[in-house]
Amino acid sequence: MPWLVKKEEAFFDMFERATKNLSASVEVFLEMIKDFKGLEKGVQRLDDLEHEGDIITHEIMDRLNRTFITPLDRDDIHAIAAGIDDVLDLTEEVADRIYLYKLEKPTPNLIQMAQILHQSVAEVSKAINSLRDLKRPRRILDYTIEINRLENEADMVLKMTMVDLFEKVSSPLEVIKWKEVYESLEKAIDKCEDMAVVIESVVVKNA
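Per this note's numbering: the sequence shown = residues 790 to 996.
Any given hint could be a false lead.
[Said to hold, decoys possible] Using C-beta positions, here's what the derived DEER-type ranges look like: (1) E963 with R928: 25 to 31 Å; (2) N995 with V964: 44 to 50 Å; (3) N854 with K830: 23 to 29 Å.
[To be verified] Listed below are the simulated DSBU-like cross-link pairs for lysine-lysine, each with C-alpha atoms no more than 35 Å apart in a straight line: (4) K957 with K976; (5) K826 with K891; (6) K948 with K830; (7) K966 with K924; (8) K957 with K915; (9) K976 with K924; (10) K948 with K924; (11) K894 with K915; (12) K809 with K924; (13) K894 with K823; (14) K994 with K809; (15) K924 with K823; (16) K809 with K830; (17) K948 with K968; (18) K994 with K891; (19) K826 with K948; (20) K966 with K830; (21) K894 with K957; (22) K968 with K809; (23) K994 with K823; (24) K891 with K823; (25) K809 with K966; (26) K924 with K826; (27) K830 with K994; (28) K966 with K976; (29) K894 with K994; (30) K823 with K915; (31) K830 with K924.
Derived by calculation from the structure, the hints in this document are not laboratory data.
Ideal Cβ positions, reconstructed from N, Cα and C, are used throughout, including at glycine.
Required output: the full structure, derived from the provided sequences and hints.
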């Protein structure tokens with residue numbers, strides 16, 4: 790039944806496009822926050838990538854609605870696609886706030902959290918793209934374990950960041966601005982962990 794194989798592969802192909810687009814977005818984000826010199830250009834580029842991500846998400850959902858037999862549980866496909874979209878939206882949100890709030894320069898903690906997001910997205914991408922071959926569950930679970938470790942690391946960095954913020958920044962308005970930026974960035978990393986949970990569920994269901 791060639792039509793069935795084609796439909797199955799289509800979901801994995803679209804996931805691959807979505808993760809590549811997300812990875813490109815996080816790369817842009819990481820570069821733009823290193824010195825804040827290319828903020829406007831970076832924000833514009835992220836807006837383009839976010840739009841492309843919306844198109845891919847729509848294609849996945851449309852395919853899901855039109856496919857009778859799917860290669861993975863329908864809810865899992867939906868959750869993975871939505872998770873990728875959420876991480877991309879939150880990344881763009883952080884970039885927008887940095888630009889609109891006219892924050893002057895990056896902090897070491899901001900860069901560290903952006904690097905954790907970058908690493909998390911890399912592991913998420915590997916885990917999602919490995920779903921094509923569920924005969925190697927150990928490899929997929931190793932990716933999800935690393936995503937969980939990175940999320941725990943981000944939690945610790947956020948806690949230390951909040952301490953520094955309230956102790957060292959005297960302006961209440963600046964505190965509010967930076968707090969929103971850090972918390973949105975941490976939410977993006979949390980979404981990566983949410984996808985790891987879904988991926989682990991997929992592995993268990995297909996064991």
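Here is what the structure says about each hint:
Checked against the given bound of 25 to 31 Å, the beta carbons of E963 and R928, roughly 44 Å apart, lie outside it. Distance hint check for N995 and V964: the Cβ-Cβ separation is about 47 Å, which falls inside the suggested range of 44 to 50 Å. A beta carbon spacing of about 37 Å between N854 and K830 contradicts the range 23 to 29 Å that was offered as a hint. Distance check on the hinted pair: K957 and K976 sit about 23 Å apart at the alpha-carbon level, within 35 Å; holds.
Only pairs whose Cα atoms come within 35 Å are accepted, and K826 paired with K891 is accepted, the gap being roughly 12 Å. About 31 Å separates the Cα atoms of K948 and K830, which keeps this hinted pair within 35 Å; it holds. Taking the CA atoms of K966 and K924, the gap is about 47 Å. The hint is violated against a cut of 35 Å. Distance check on the hinted pair: K957 and K915 sit about 39 Å apart at the alpha-carbon level, beyond 35 Å; violated.
Proposed proximity of K976 and K924 is supported: the alpha carbons are some 32 Å apart, at most 35 Å. The straight-line distance between the Cα atoms of K948 and K924 is roughly 39 Å, outside the 35 Å bound, and the hint therefore fails. Between the alpha carbons of K894 and K915 the distance comes to roughly 32 Å, so the proposed pair stays at or under 35 Å and holds. Proposed proximity of K809 and K924 is supported: the alpha carbons are some 23 Å apart, at most 35 Å.
With a CA separation close to 9 Å, the supplied pair K894 and K823 stays within the 35 Å bound. Among the hinted pairs, K994 with K809 is consistent with the structure: their alpha-carbon atoms are about 26 Å apart, no more than 35 Å. The straight-line distance between the Cα atoms of K924 and K823 is roughly 40 Å, outside the 35 Å bound, and the hint therefore fails. Taken as a hint, the K809 and K830 pair is honoured in the structure, with Cα atoms around 20 Å apart against an allowance of 35 Å.
For the hint pairing K948 with K968, the CA-to-CA distance comes to about 11 Å; that is within 35 Å, so the pair holds. The suggested pairing of K994 with K891 is violated, with an alpha-carbon distance near 47 Å, which exceeds 35 Å. The hinted pair formed by K826 and K948 meets the criterion: a straight-line CA distance of about 27 Å does not exceed 35 Å. Taken as a hint, the K966 and K830 pair is honoured in the structure, with Cα atoms around 21 Å apart against an allowance of 35 Å.
Taken as a hint, the K894 and K957 pair is honoured in the structure, with Cα atoms around 15 Å apart against an allowance of 35 Å. For the proposed pair K968 and K809, the alpha carbon gap of about 29 Å is at most 35 Å, so the pair holds. A distance of roughly 41 Å separates the Cα atoms of K994 and K823; the hinted pair therefore is violated under the 35 Å criterion. For the given pair, K891 sits about 15 Å from K823 by alpha-carbon distance, which is consistent with the 35 Å threshold.
This hinted pair checks out: K809 and K966 have alpha carbons roughly 30 Å apart, not beyond 35 Å. At roughly 46 Å between alpha-carbon atoms, K924 and K826 are farther apart than 35 Å, so this suggested pair is violated. Distance restraint check for K830 and K994: the Cα-Cα separation of roughly 44 Å exceeds the 35 Å cut-off, and the hinted pair is therefore not satisfied. Between K966 and K976, the direct Cα distance comes to roughly 16 Å. Compliance with the 35 Å bound is thereby established for this hinted pair.
Only pairs whose Cα atoms come within 35 Å are accepted, and K894 paired with K994 is rejected, the gap being roughly 47 Å. At most 35 Å may separate the alpha-carbon atoms for a hinted pair to count; K823 and K915 meet this at roughly 25 Å. Using a Cα cut-off of 35 Å, the hinted pair K830 and K924 is violated, with the two alpha carbons roughly 43 Å apart.
The earlier numbered hints that this structure contradicts are 1, 3, 7, 8, 10, 15, 18, 23, 26, 27, 29, 31.
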